[in-house]
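Same order as they appear, the protein sequences are chains R and A. Numbering of the first sequence is given in the working numbering, commencing with residue 40 and proceeding in unit increments. Numbering of the second sequence is given in the working numbering, commencing with residue 40 and proceeding in unit increments.
Because the hints were derived from the structure by calculation, they are not lab data. Ideal Cβ positions, reconstructed from N, Cα and C, are used throughout, including at glycine. One thing to keep in mind: the hints can contain errors.
Unchecked claim - With beta-carbon atoms standing in for the labels, derived distance ranges:
| no. | chain 1 | residue 1 | chain 2 | residue 2 | range |
| --- | --- | --- | --- | --- | --- |
| 1 | A | D271 | R | L423 | 24 to 32 Å |
| 2 | A | K287 | R | E323 | 51 to 59 Å |
| 3 | A | G438 | R | A365 | 47 to 55 Å |
| 4 | R | K272 | A | I327 | 41 to 49 Å |
| 5 | R | K272 | A | E75 | 36 to 44 Å |
| 6 | R | P74 | A | E244 | 53 to 61 Å |
| 7 | R | E323 | A | P391 | 31 to 39 Å |
| 8 | R | E323 | A | D271 | 55 to 63 Å |
| 9 | R | K347 | A | E244 | 48 to 56 Å |
Protein chains: 2
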Amino acid sequence: MAKLRGNLLVGQSGGPTPVINASLAGVLKEAKEMPEIEKIYGMKNGIEGALNKEVYDLTQEPDDLVDKLLYTPASALGSCRHKLTKDEEYEQLLELFKANNIRYFVYIGGNDSMDTCYKISKLARERNYEMMVNGVPKTIDNDLPITDHCPGFGSAARFVALSTVESGRDLEAMKTFDDVAIFEIMGRHAGWLTAASALGKRCEEDAPHLIYLPERIFDEEKFLKDVKAVHDKLGYVYVAVSEGIRDKNGEFIGAKDAAVDAFGHKAISLSDGPGAYLAKLIKEKLGIKARVNRPGTIQRALASLASKADVEEAFRAGQAAVRYFAQGISDVMVTLVRADGKDYKIEMGMAPLENVANVENFVPDEFINAEGNFVTEKFFEYCLPLIGEPIPEYARLVGKPIKLK
Amino acid sequence: MAKLRGNLLVGQSGGPTPVINASLAGVLKEAKEMPEIEKIYGMKNGIEGALNKEVYDLTQEPDDLVDKLLYTPASALGSCRHKLTKDEEYEQLLELFKANNIRYFVYIGGNDSMDTCYKISKLARERNYEMMVNGVPKTIDNDLPITDHCPGFGSAARFVALSTVESGRDLEAMKTFDDVAIFEIMGRHAGWLTAASALGKRCEEDAPHLIYLPERIFDEEKFLKDVKAVHDKLGYVYVAVSEGIRDKNGEFIGAKDAAVDAFGHKAISLSDGPGAYLAKLIKEKLGIKARVNRPGTIQRALASLASKADVEEAFRAGQAAVRYFAQGISDVMVTLVRADGKDYKIEMGMAPLENVANVENFVPDEFINAEGNFVTEKFFEYCLPLIGEPIPEYARLVGKPIKLK
């Protein structure tokens, strides 16, 4: 494809991550250096901004923006969850591209966003409008296919891993008072982030002791048995559960607790998750106390604990999307490709947008133990490099308790 | 008081903090250097360990324990929530002290623990048993009197401040999809930690927009009015609420949501807080969506985000408790004293145990705004130095959105 002179339109979409701005920084840095690109426009709130013709002129921003974006959480351009469905929306977009000489389009996002990106690339091709379109993967859910992992996941995984092992120490210290802690972790369909709760565990006492992913049917009886077994042995139990766990009928466990709320309504809302229900279940059936840790959006926003590897890869992925334009490559999502060999090394690759749009990548069987209540050693090997600096080895007393006179 | 040769007994009590082990490290380091101290015993799970005669012989631990404890979250010795009430417990303790030549007693904890510490110092004096007893303050709640602040608070405050402003960016980015985020923060009686949510805020857009502390009666009508006003203006609202907010009848707001749970019980449990209730209230009355962030014990355990100032002060407070023994000073709690002058500087002081036992220190009026829904500039001045390194200044686009053709 010939490289036309024109403007670039970039957007961020879906739930933010601690490093989605690092990808924007990569796009910006590279686009500024590409001679064919004149203006760089940032869509205000993703594709909604394009539909409303509202953009930021990023060419006018101070030069230090690129550096600042590297550690700024959430989406500096604003995000959205808009799904393109109506014919008139496509017409609107095509008009916008034409009227403003948009020849380069970059969308940074997850599954739904790659679908949007694919639809736009298809639209341009079908209507013979010359525009290059590339996607940059982003999601703490790590559920995009083909790429080794998704920028954003490593940082959220780092937060989840550190929070689990550190608040696990809290529970262990309080075991004469508390019994169970339930950590409710994001991920409606894929359990990658919940699986990452294991990464700080070095010994049996360390949290977590049990992990439940949406990839397995959640069985309450088995769950209670698991909890009781750990409690009998250690005196405390730290459980990591994905918000998306479901029973054999496909019902979200979180929806059960919504059965009767203070207003008498039955409705799953953003406030409902399985944690509160399971805490009550444990109290009811096992007679022991359970707390719920539910950091919510903090787990996808806490840039202060971002993985350095993740920040760097997110930046490079943003750069790659524009470099591909320079190389004449369009209609792809940038992928991260893990190099062979002992040392962790990531190279930038690509996958056709049509192969990634709406495809979900679940935690594979080899990463889940046979009982379906923990992860395997193979998962550790896959995931540990993504969270950046190693989890510290915290102090444990070497000596056993002694009996005084 | 003469300095007797003998053994030291140290314990950690109450809810852990990210730096309570740093205080233990300070005690250990100093006690090892004090010639009169022979063995250093650590109570297993606080005073419960003393009652059960179960201790760790810390004299036998590897030398690197002190360094490792500086960044290890929660209580390495184990903690408890045991309140001394029975006469026979005092007899048991006195016997233990005598039988094992315990001449030095250090207890690291909050309000209840200082009460325990005070009772033990009184017991020794009344029964003419020569033993020196000092307390080391510890609590993320920051509610001990006399001391400028409590070790542990600065680190929890740092986590709360960073989480608020960073997940606030997430909400702001998602404002075309989400409306309200409610951050439910620890503190049943005192609102210090919830107040700290403000510390990363630099402009009107930054979170939080509203803060509700237990120091003020919570009025639902006023709350809804506040939320609506911010939402009308910005399109999103980030609310920080203390778990301990109560209505004018003294009822916990969190207890309301417990009214009808899935099991048909009315009971406040460790899982109940005001967040879920308020989210439903907002949906019901204002017709807008609200999410709840409720990190639970993560906020008091996340050593990975500890304040460096806090770690250092916690260590020095532990050292001071033992140094006071060497100086013949007993029956005091170590206090942090802020030096006069522009630069933040903390010196170690002391307060008689009887003056701190069971006294709670609330957020003063001068730190709360007139409307009772935010903190004042004076609170920023007081609190900012405690959280260590400054909160980063995240990127914001300088330009306003423009309209394309």
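Sort out which numbered hints this structure fails and list those numbers smallest first.
Result: hints 1, 2, 3, 6, 7, 8, 9 break, sorted rising.
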